[in-house]
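Chains A and B, in that order, are what the protein sequence lines are. Going by my numbering, the first sequence opens with residue 25, and the numbers climb by one from there. Going by my numbering, the second sequence opens with residue 25, and the numbers climb by one from there.
FYI, nobody ran anything at the bench for these hints, they're computed from the structure. Do not take every clue at face value.
Put simply, identical chains are the same to the list, so a pair is met inside one copy or across any two.
Below, computed lysine to aspartate or glutamate pairings styled on EDC-like, alpha-carbon distance capped at 20 Å [claimed, not checked]:
id, residue 1, residue 2
1, Lys225, Glu213
2, Lys86, Glu74
3, Lys168, Glu187
4, Lys225, Glu147
5, Lys402, Glu343
6, Lys402, Asp326
7, Lys168, Glu147
Every value quoted in this text rests on a predicted model; they were computed, and no experiment measured them.
Number of protein chains: 2
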Amino acid sequence: MIASHYVTMLQGKSVIRELSEFATARGKEIGYENVFDFSLGNPSVAVPEEVTRTMIRLLQEKDPMELHGYSPSLGIGSVREAVAESLRERFGIPYQAEDIFMTSGAAGAIAHAVRAVTEPGDEVITFAPCFSEYIPYINGTGAKLKMVPADTETFQIHFDAFEEMLSEKTAAVLINTPNNPSGIVYSRETLQRLAEILLRKAEEYGHEIYLISDEPYREIVFAGVEAPVVSAFYDNTLMCYSFSKSLSLPGERIGYVAVNPACEDAARIVQMCGQISRETGHNCPASLIQLAVAENLNLTADLSVYERNKNLLYRELTESGFTCVEPGGTFYLFPRALEEDAVIFCAKARKYDLILVPGDGFGCPGYFRMACCVETEKVQRSLPVLRRFVEQEYPHR
Amino acid sequence: MIASHYVTMLQGKSVIRELSEFATARGKEIGYENVFDFSLGNPSVAVPEEVTRTMIRLLQEKDPMELHGYSPSLGIGSVREAVAESLRERFGIPYQAEDIFMTSGAAGAIAHAVRAVTEPGDEVITFAPCFSEYIPYINGTGAKLKMVPADTETFQIHFDAFEEMLSEKTAAVLINTPNNPSGIVYSRETLQRLAEILLRKAEEYGHEIYLISDEPYREIVFAGVEAPVVSAFYDNTLMCYSFSKSLSLPGERIGYVAVNPACEDAARIVQMCGQISRETGHNCPASLIQLAVAENLNLTADLSVYERNKNLLYRELTESGFTCVEPGGTFYLFPRALEEDAVIFCAKARKYDLILVPGDGFGCPGYFRMACCVETEKVQRSLPVLRRFVEQEYPHR
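One chain only, chain A, in its complex shape (with noise of 0.2 Å):
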């Protein structure tokens, strides 16, 4: 008599939790630091020291019951007011503490984003490659998952059959910029032609269509490239935010939904989420990191390390013959595998101690990632090894 629904879950196995549980197995064997875990996309990095001071000043000064009291359901109404404050000088879109509500990470923020703007049996549309808990994320809300399959040649969006898939019944599409796991910033013009489609696909069908727009990986864009902040371009847009990559603490589960005040039901859509949170069990984020990131939110740890690595690895890459679209941000590459079947090929890999991902949980096969949120010496120490893999896997390429 437990739910059969979760027990069917149960038995679907993850991909990426097996290769590193692998990686673990195989690094108490070799050492770890000989394992060249490419797997797991953890930040690499420290909390920023001024994170880690506010805390701890937190703690020290600030009175305990204030401290740790109960956060009103919406979130702190201080740290909203940052966060919008934080938004408006950054993007220039006019945010209010209204429009906030914090979350306990990313997940939290897409799960209520979802829940708030669709009813059971809409359908939500997102593009491949695409984080692959997206499917249990979405299904959970009682909203339907519809994948647009991957435009490989430039990992932008895929618009023909985007159009196709569209329907009365799509009620969100769910965009991720910058991508896991490609690496791809969507450009402005794909930011536009996004737009321009569900305008007119609204106005055709007669209901909003609203953008849940899922941007942890804003921080990390690299030199030279441009960073369209979605919101700016469709007002119907939620933005999921989490500060696990940018102040690298994913363990404290602290994020944000901040809906456009220009989109249709702002406030009402946040007080929505509230309400959400009493029938999730998923109550406020901790007190304590609340205030804490509040106060430190136009910092980021030291992420520059990612597009070094980035750097090593894109160059060994093209270098040994991988076609590889050069990521614009994040901490992964997404290259195509030297045979068809890529979940053959990374296990190949795995002879290397090269722990590679196949794309086919990411909704594209053929393809695989590889998370650089290793040391840099690392990275060093694996080109040989890469190349030595490619050499005697595939000497005839």
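Once you've looked at the hints, dock chain B against the given chain A.
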């Protein structure tokens, strides 16, 4: 096209919130110290200094990558082990780490527990008076909450009404002891009889009936009162705990589900909770907070103030002619109102700046809740006011 269900929920007004807003507004007029605000169940004593020191030490000494890194989806391994060990030592039940699922407070614990052991449409039975948020918590899972009327003589369980309500659709029973709002602790006899009925009915129906035990007030039990641990009476028990009240850190959102190791499918239920998190966006509690409470599991805030306040109020209430079952724990009293309609009674009390909550929202009309988690000095000042209120409004009693 926003979700109609949550729009409807928004229209429901929270009585407690309205009272609390009234108290705040009134406090601005006459000084909050002159408003006898017994509306909110917010701890009124500070977090133990040891917990603050632990947090500061973790921030100063622990590798920030480890401290703030992703927690495994079931909770940090060492934290789950520490919780299991503490439960083993304290209650003599052989909990292991794999029986523990770390949650964002009791709300998260209940949301996961109910989802794990019910199918959509199943019934969950609880007992009036109960925490009003049980209604969205349970109905949000897809199960249906049914409420057994109160036994107002004792606020133990009204067993005849319970037996009538049980049916083949009953998947779980939800109890809360020590109880919000009655302050009553379920006796050994109550728990034994409950377990007997559940065993008998489970056999009759041919399926398990799970007991979900909401225990956030477990550490607030008064002198001479025995608070038997629920799990010891019934194998299929999911204990839902929160540190909010015992450690006075409700804003930090930390608790757990502990599945009795003798429970049918114990380890699998915990694993399922991890899957439920994927669908609700309710990921782990903050890692810093997990690690800090794990080092202070045998500690509580100075909870003695609640008993002192209860004694003062209980004496005054009974001397003023109220009927009140004496609380055995928590920081609530739940007397009978002096007229049939407790909403009118509480509205009259507001004229004396006494903020009381009508029992209607707790499924028990005609009664009212006083949360005595306020400064003892304020409780003392409230006593003559309470007396004047009764004398002036109910002179002929």
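Hint check results:
Only within a single protomer do Lys225 and Glu213 lie at most 20 Å apart by alpha-carbon distance; the minimum there is 18 Å, versus 64 Å between protomers. With identical chains, the CA atoms of Lys86 and Glu74 are at most 20 Å apart both within one copy (17 Å) and between copies (16 Å). For a Cα distance limit of 20 Å, the shortest separation of Lys168 from Glu187 inside one copy, 17 Å, qualifies, whereas the shortest one across copies, 40 Å, does not. Taking the shortest alpha-carbon separations for Lys225 and Glu147, only the intra-copy value of 14 Å comes in at or below 20 Å, while the best inter-copy value is 42 Å.
In the homo-oligomer, the alpha carbons of Lys402 and Glu343 lie at most 20 Å apart inside one protomer (19 Å), although the nearest pairing across protomers, at 76 Å, exceeds that limit. In the homo-oligomer, the alpha carbons of Lys402 and Asp326 lie at most 20 Å apart inside one protomer (18 Å), although the nearest pairing across protomers, at 50 Å, exceeds that limit. Taking the shortest alpha-carbon separations for Lys168 and Glu147, only the intra-copy value of 5 Å comes in at or below 20 Å, while the best inter-copy value is 26 Å.
The structure fails none of the hints (numbered hints given earlier).
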